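Residues per chain are reported as follows:
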Amino acid sequence: MTLERRQFVTQSGSRVFRVLEENLIFVSLLAIVAFFGLISDSFLSLTTLATLFNQLPALTVVSIGMTLVLISGGIDLSVGSVVALSAGVIGAGISLFGLPLPLAACLGILAGALAGLANGGLGAYLRLPIFIVTLGMLEVARGLAYLVTDSQTVYIGAKIQAFAIPWGGSGVSASILVALTLVVAFEFVLRSTVFGRQIVAVGSNESAAEVSGIDPRRVRCTVLVISGLLAGLGGLMNAAYLGSADPNAGIGLELSAIAAAVIGGTSLMGGRGSVIGAFVGVLIVSVLQIGLAQIGITEPTKRVITGAVIILAVILDRWRA
Amino acid sequence: MTGRCPRQHGRLENLRIVTNGICKSFAAPVLRDVDLEIPPGCIHGLVGENGAGKTTLARIIVGLESADAGSLLLDGEPYRPTNTADSLGAGIAICAQELSLVDDLSIAENILLHTSTSSLARIRRKSAHETAAALLGLVGLEQTTPRTRVGRLSLAEKQLVEIAKTMATDAKLLVLDEPTSALTAPQADRLHGILRDKAREGVSVIYISHRLGDVLSVCDRVSVLRDGRVRLTEDCGTLSEKALILEMAGADADFDAPGRAAERPAPLHLAVESLRTSKLPHPISFNCRRGEILGVAGLAGSGRTELLSALFGLDKRLAGSVKIHEDGRTVEVRNPRQAIKHGIGLVAEDRSRDGVFRDQTLAFNVTVAGLGRISDRTGRLIRSKEAGAVEKLIGALRVGSNGVHQKMRELSGGNQQKSMLARWLHCGSRLLLLDEPTRGVDVAAKLAIHEELVRLRDSGITVIAVSSELEELQSLCDRILVLSKRRLVAEFHRSDWSQQRILAAAFSEFAREDTSVTVT
Numbered sequence: 000m001t002l003e004r005r006q007f008v009t010q011s012g013s014r015v016f017r018v019l020e021e022n023l024i025f026v027s028l029l030a031i032v033a034f035f036g037l038i039s040d041s042f043l044s045l046t047t048l049a050t051l052f053n054q055l056p057a058l059t060v061v062s063i064g065m066t067l068v069l070i071s072g073g074i075d076l077s078v079g080s081v082v083a084l085s086a087g088v089i090g091a092g093i094s095l096f097g098l099p100l101p102l103a104a105c106l107g108i109l110a111g112a113l114a115g116l117a118n119g120g121l122g123a124y125l126r127l128p129i130f131i132v133t134l135g136m137l138e139v140a141r142g143l144a145y146l147v148t149d150s151q152t153v154y155i156g157a158k159i160q161a162f163a164i165p166w167g168g169s170g171v172s173a174s175i176l177v178a179l180t181l182v183v184a185f186e187f188v189l190r191s192t193v194f195g196r197q198i199v200a201v202g203s204n205e206s207a208a209e210v211s212g213i214d215p216r217r218v219r220c221t222v223l224v225i226s227g228l229l230a231g232l233g234g235l236m237n238a239a240y241l242g243s244a245d246p247n248a249g250i251g252l253e254l255s256a257i258a259a260a261v262i263g264g265t266s267l268m269g270g271r272g273s274v275i276g277a278f279v280g281v282l283i284v285s286v287l288q289i290g291l292a293q294i295g296i297t298e299p300t301k302r303v304i305t306g307a308v309i310i311l312a313v314i315l316d317r318w319r320a
Numbered sequence: 000m001t002g003r004c005p006r007q008h009g010r011l012e013n014l015r016i017v018t019n020g021i022c023k024s025f026a027a028p029v030l031r032d033v034d035l036e037i038p039p040g041c042i043h044g045l046v047g048e049n050g051a052g053k054t055t056l057a058r059i060i061v062g063l064e065s066a067d068a069g070s071l072l073l074d075g076e077p078y079r080p081t082n083t084a085d086s087l088g089a090g091i092a093i094c095a096q097e098l099s100l101v102d103d104l105s106i107a108e109n110i111l112l113h114t115s116t117s118s119l120a121r122i123r124r125k126s127a128h129e130t131a132a133a134l135l136g137l138v139g140l141e142q143t144t145p146r147t148r149v150g151r152l153s154l155a156e157k158q159l160v161e162i163a164k165t166m167a168t169d170a171k172l173l174v175l176d177e178p179t180s181a182l183t184a185p186q187a188d189r190l191h192g193i194l195r196d197k198a199r200e201g202v203s204v205i206y207i208s209h210r211l212g213d214v215l216s217v218c219d220r221v222s223v224l225r226d227g228r229v230r231l232t233e234d235c236g237t238l239s240e241k242a243l244i245l246e247m248a249g250a251d252a253d254f255d256a257p258g259r260a261a262e263r264p265a266p267l268h269l270a271v272e273s274l275r276t277s278k279l280p281h282p283i284s285f286n287c288r289r290g291e292i293l294g295v296a297g298l299a300g301s302g303r304t305e306l307l308s309a310l311f312g313l314d315k316r317l318a319g320s321v322k323i324h325e326d327g328r329t330v331e332v333r334n335p336r337q338a339i340k341h342g343i344g345l346v347a348e349d350r351s352r353d354g355v356f357r358d359q360t361l362a363f364n365v366t367v368a369g370l371g372r373i374s375d376r377t378g379r380l381i382r383s384k385e386a387g388a389v390e391k392l393i394g395a396l397r398v399g400s401n402g403v404h405q406k407m408r409e410l411s412g413g414n415q416q417k418s419m420l421a422r423w424l425h426c427g428s429r430l431l432l433l434d435e436p437t438r439g440v441d442v443a444a445k446l447a448i449h450e451e452l453v454r455l456r457d458s459g460i461t462v463i464a465v466s467s468e469l470e471e472l473q474s475l476c477d478r479i480l481v482l483s484k485r486r487l488v489a490e491f492h493r494s495d496w497s498q499q500r501i502l503a504a505a506f507s508e509f510a511r512e513d514t515s516v517t518v519t
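Heads up: the protein sequence lines correspond to chains R and W, in order.
Residue numbering for the first sequence follows numbering that gives the first Met the number 0, beginning at 0 and increasing consecutively.
Residue numbering for the second sequence follows numbering that gives the first Met the number 0, beginning at 0 and increasing consecutively.
None of these hints come from the bench; they were simulated from the model.
Because the structure is a prediction, the values reported are computed rather than measured.
Here a beta-carbon is modelled for each residue, glycine too, at the ideal position from N, C-alpha and C.
One should not assume that every hint holds.
Some chain W residues near chain R, calculated using beta-carbon distances under 10 angstroms [said to hold, decoys possible]:
1) ALA27
2) LEU100
3) ALA242
4) ARG333
5) ASN334
6) SER351
7) ASP358
8) ASN364
9) VAL367
10) LEU370
11) GLY371
12) LEU380
Just a sample of chain R residues kept apart from chain W, beta carbon distances all over 12 angstroms, derived [what the hints assert, rightly or not]:
13) GLY120
14) PRO128
15) LEU134
16) ASP214
Using the sequences and the hints, build the whole thing.
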């Protein structure tokens, strides 16, 4: 009966409408860009693009990890703090211990992966509620970030900024290229590999996944390690953008990442989502922030509007499903 | 005893509860035209095989389900409960098979949950504890304080608390669904004493049980349900256990399934030796030959599902071994991944919980257990291979769908079940464990699944099938194992089985008086 109804709706709906509906998220992004382009003279400019590209990389890589975790039926609230921890490790490594940049960068990312491993071990193998485990990790990683930086912003220098500074006037930096490559790579992992299928299976029905020979604990743990690792990379990107390690970096970043994933069509119940979608979600959130600032909307109002957009996205998503 | 329950036809206002042509269907009809008349002070037994409709009838009487047709009369008045608050208000209390206790609350609080009239009523702790203590004394738990958290009690103690909770209500009709399933014989006797006292005060009781001996000793009258119909209502004095079993099995009990080739000598496929798990406390041993369809019969809760879980490596093995004989080699199974690797597939009883990914596509559902077969060595999926394999399987099994990308939730139960078979065929399973393979599918799909199982057997695949329908097992299987109270109690071959013999075996552990081993 459901089938008949669906066919009926599809037949009666116009073709244009269907195309719009299927690509709702891209259409929304274009509509937002067009809206700001129309009411602000300075919006469609290279300056806006540069601002956007500066903000983008860290949130993008963190959102990739968050999307995978959400699809597997979990959640990772610790990513914002892990970004700061990784940045702190990199900053302290370079400025206090005189490590070479590549080694310090690897240590920072490793710190992120270890935080993810702790999340995964406790959440998946000891079966503790993952919401609480990563909430604890949010505090632990933030505390560690303060400890390694002695609660101060640690200056790193120009060397690390090379990673984030755009080449020529293009606005394109190494950071943004890495982020985009990872979006494509992880979309491929999710759609076209055995591991991607396993993530969806575990998030969709854990018990059935187990009966189908998938080890749900291993899958859940692995996505949390990936999320930690990508948050570690986000720390590197954040430090590169600032030229220093800020122990207060990434506060509230987990919420932006969840918002981006959800706007991009990822279900908080697991089993459904897309990395490309999350990236478009990141673009929507970021464009909204920049655009609203440019037309002179104050910070409190900005937050009200961004929050409303997130809720709207979920309503539209439910309506589509 | 029978004297207390005179038949009072035509005087409806003198009857405590009357059910008039009650019908109820879920996927298939569960109750058909059920007529019962129970006078005050009568203990009325309800017996029948699994799925005969006993629990559904109980749930309708207390408002947990609504009947599709028919009516209820309570003390001669029309009575239409929509929830348990209605039925409680009308003076009907249920002691459900699925315990309804809250583990995190104390015994007293659990009993109170049931009796307080308003959710805002202040909880008077002292009087609650006194009431609870009195009730616990009544059911034989006088050594337990009402402050004990229910989560710490054993299953038998919980069942007693559930009974106490029912007694706390001053109901005039008690509905007890398998109240003694976890109780020892003395505990059950005590309950029966309480019930007789209640009956003397004019309370009516509906008593549902698999323990036929208990039913005959405590009840005044008993009704047998079969396929949702009342087949017999008699005073207990004139009945024997054997007569009840005969009636439960039905007149067609001795029907002979279409004959099939006699047992062919085939190599051993599966050897189970003294297998024990936490849910199967008594060692189980049996063998299964290649290309055999082995049936597993038993009442609900007899350990059938648990046996399949243990064979598949889902439940941790405490003792014994499960060995697969393949190409002359013998391998052990410890977890589902090993089971699948060695060619075992499990189609679980609860399809929606342990089988189907309802929001994913048909192709996803078919290939999920054999992703290695549609990917290259790097773990990359090969779409063309996937589509080809799935199309071939759904064609062969005649899974009705709009294509391999249709969402699973849009398929009918029968087609979902066939795609579960397709899943295991896709990953090359040679031993299929099927738990209620035709539950919740329509008749046509059921026949199609039966045909498919016979075809699979002929191609050399071994099947172990659990079913509550004896007819199904008898027409499909070469051999039937019978479980009773988590023990393997009998094995029947085509030549020596009959419904009565299988049912008698399934009930055998219930009849034993030394049921002091508490099942937990």
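So, going through the hints one by one against the coordinates:
The criterion of a C-beta within 10 angstroms of any C-beta in chain R is not met by ALA27 of chain W, whose closest approach is roughly 18 angstroms, and the hint is violated. Interface restraint check: LEU100 of chain W against chain R, minimum CB-CB distance 24 angstroms, threshold 10 angstroms, status violated. Using the Cβ-Cβ criterion of 10 angstroms, the hint placing ALA242 of chain W at the interface with chain R is not satisfied: the shortest such distance is roughly 42 angstroms. Given the 10 angstroms rule on beta carbons, the hint for ARG333 of chain W is violated: about 13 angstroms separates it from the nearest Cβ of chain R.
At its closest, the beta carbon of ASN334 of chain W sits 8 angstroms from a beta carbon of chain R; the interface hint therefore holds under the 10 angstroms criterion. Taking 10 angstroms as the C-beta cut-off, the interface hint given for SER351 of chain W holds, the closest approach to chain R being about 8 angstroms. For ASP358 of chain W, the suggested interface contact is upheld, since its CB lies about 6 angstroms from the closest CB of chain R, less than 10 angstroms. The beta carbon of ASN364 of chain W is positioned within 10 angstroms of a beta carbon in chain R (closest approach about 9 angstroms), and the interface hint is therefore held.
Interface restraint check for VAL367 of chain W: the shortest CB-CB distance to chain R comes to about 5 angstroms, inside 10 angstroms, so the restraint holds. Given the 10 angstroms rule on beta carbons, the hint for LEU370 of chain W holds: about 4 angstroms separates it from the nearest Cβ of chain R. Hint status for GLY371 of chain W relative to chain R: holds, with the closest Cβ pair at about 7 angstroms, below 10 angstroms. For LEU380 of chain W, the shortest C-beta to C-beta distance to chain R is roughly 5 angstroms, which falls under 10 angstroms, so the interface hint holds.
Every CB of chain W is more than 12 angstroms from the CB of GLY120 of chain R (nearest about 19 angstroms), matching its label as outside the interface. The beta carbon of PRO128 of chain R sits about 16 angstroms from the closest Cβ of chain W, which is more than 12 angstroms, so the claim that it is off the interface holds. Non-interface call for LEU134 of chain R relative to chain W: holds, since the shortest CB-CB distance, roughly 22 angstroms, exceeds 12 angstroms. Separation of ASP214 of chain R from chain W is inadequate, the least Cβ-Cβ distance of about 7 angstroms not exceeding the 12 angstroms criterion.
When the structure is compared with the earlier hints, violations turn up for hints 1, 2, 3, 4 and 16 and for no others.
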